[in-house]
Amino acid sequence: MTAFSYLMANLKWLIFGAQADRKGRRLADNAERGQSSGPMVYYRRNFEEDYNAASAMLKGRMNARYPDSYHARLGGGGNNSYNYGDKRSQAVDTASTAIAHALRAGATAHQAAEAGAASIGI
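Going by full-length UniProt numbering, the sequence shown opens with residue 1, and the numbers climb by one from there.
It is possible that part of the hints are untrue.
[Stated by the list, open to error] Cut-off 25 Å, straight-line C-alpha distance, at most; resulting in silico cross-link-like pairs (SDA-like, lysine to any residue):
hint: 1; residue 1: Lys87; residue 2: His110
hint: 2; residue 1: Lys59; residue 2: Ala20
hint: 3; residue 1: Lys12; residue 2: Arg25
hint: 4; residue 1: Lys23; residue 2: Met8
hint: 5; residue 1: Lys87; residue 2: Met57
hint: 6; residue 1: Lys23; residue 2: Trp13
hint: 7; residue 1: Lys59; residue 2: Phe47
hint: 8; residue 1: Lys59; residue 2: Glu114
hint: 9; residue 1: Lys59; residue 2: Leu11
hint: 10; residue 1: Lys23; residue 2: Leu11
hint: 11; residue 1: Lys12; residue 2: Leu27
hint: 12; residue 1: Lys12; residue 2: Thr2
hint: 13; residue 1: Lys59; residue 2: Ala117
hint: 14; residue 1: Lys12; residue 2: Ala28
hint: 15; residue 1: Lys23; residue 2: Met57
hint: 16; residue 1: Lys59; residue 2: Lys12
hint: 17; residue 1: Lys59; residue 2: Ser89
hint: 18; residue 1: Lys87; residue 2: Gly106
hint: 19; residue 1: Lys87; residue 2: Ser119
hint: 20; residue 1: Lys87; residue 2: Ile122
hint: 21; residue 1: Lys12; residue 2: Arg26
hint: 22; residue 1: Lys12; residue 2: Arg33
What the hints contain is simulated information worked out from the structure, not anything from laboratory work. Note that the structure is predicted; figures quoted are calculated from it, not measured.
Work out the full structure, taking the sequences as your base and the hints as a guide.
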């Protein structure tokens, strides 16, 4: 590499690198303020509120299908109990992921709750 090409490469890096840094910093600042113009970057400002509302809507249906905090009786005589803990934790994980994906895609809280219910089959 000649000295001239080395100087040109460094000059280009200084000019375009500084511009890219400023642009990246500006986009990050806008995204943090919720003013992003890009698609799907912090799409909803009230994501937590919508997520909590969708989870609350789904909670009653999940309690009926996967009882929480106790062993549900299967019926019949004797001590026939079944622990729903593992199934419930897996269902909660699956539903939570579906709710988050739906909200990020622009769904309302009710639509996200329905997506969560559909993901676990209730």
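**OP:** Could you tell me which of the numbered hints above are not met by this structure, giving the numbers in increasing order?
**Re:** 2, 9, 15, 16, 18 and 22
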